[in-house]
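Asks: In the working numbering, the protein residues as written are 1 to 228.
Keep in mind that the hints were calculated from the coordinates and are not lab data. Mixed in with the good hints, there may be bad ones.
Unchecked claim - Below 30 Å or equal to it, Euclidean Cα-Cα: the simulated DSS-like pairs (lysine-lysine) are:
| # | residue 1 | residue 2 |
| --- | --- | --- |
| 1 | Lys36 | Lys18 |
| 2 | Lys161 | Lys218 |
| 3 | Lys17 | Lys123 |
| 4 | Lys189 | Lys17 |
| 5 | Lys66 | Lys123 |
| 6 | Lys18 | Lys218 |
| 7 | Lys123 | Lys218 |
| 8 | Lys109 | Lys189 |
| 9 | Lys166 | Lys100 |
| 10 | Lys166 | Lys109 |
| 11 | Lys17 | Lys206 |
| 12 | Lys166 | Lys218 |
| 13 | Lys218 | Lys109 |
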Amino acid sequence: MADVENMSPMEFVEYFKKINQPHFEQHYRYGSEWIKTADKGAIISWLRQGTWNEWAAAAVVARLVKDYAEYVDPEFYPIFARQVSDEARHWVLRHRLLRKFGGSMDNFKPMDEWIQVFELPLKLALQKPEFFQLRFTSVLQVVEWTSVSHHRGVEEGAGDKYPEIKAVFRELLDDELFHWSIAERTWLKLCNPPEARRDVLEITQKYTLPTIDAARRKRVELSRQHAI
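Take the sequences, apply the hints, and build the full model.
Replies: This is the structure in structure tokens:
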């Protein structure tokens with residue numbers, strides 16, 4: 001077992017990515033396998049939930065900087081502000097893509113599993129204010145980390161069949177990598193105490209990774225049924 005107690009923050013970030021590589025690879029497969037068999041109705045369903053996800057991400061980060069700024073390291077104010085802007089632009093890109101496929105957000109109801117994904121960052125952060133930013137990033141930014149892999153799978157799996165999807169998700173990837181880097185920067189700065197590293201591992205293993213896995217699997221399943 002790795003000696004998490006005595007790791008430097010840099011060693012911890014690399015350790016986190018290494019031990020969770022199977023999750024990263026699984027989310028790639030969810031995207032790649034789904035797009036290869038998706039029909040138009042499945043794509044519309046999938047994009048409806050994805051469009052809402054961008055709105056929800058923008059909203060939760062906006063709440064962070066508006067209502068909980070005292071818990072955020074000031075160095076990160078402009079970084080989180082950029083994420084709000086990115087998520088809003090992603091909403092536009094996804095909604096435009098949805099309309100190209102003949103879909104809309106009319107009568108949309110978000111999946112409960114995805115509501116939970118976006119409720120968790122502030123809920124868990126508020127339970128331990130001394131680790132507020134660590135916990136927030138251990139949820140939302142780790143979700144972004146899995147999205148990097150998932151959307152890479154969608155982009156590569158789309159091939160020449162869906163060039164519009166391929167182009168949009170290639171554009172999203174750089175932003176999502178930046179959003180994940182907010183966790184890396186936070187952990188590098190704030191993960192000096194061993195208890196902070198233990199807390200990040202507990203939050204990600206107990207909450208973030210199981211929650212995002214369940215949400216993404218269910219979204220793929222329901223989209224195939226044209227049920228979102």
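Asks: Which of the stated hints cannot be reconciled with the structure, identified by number in ascending sequence?
Replies: 8
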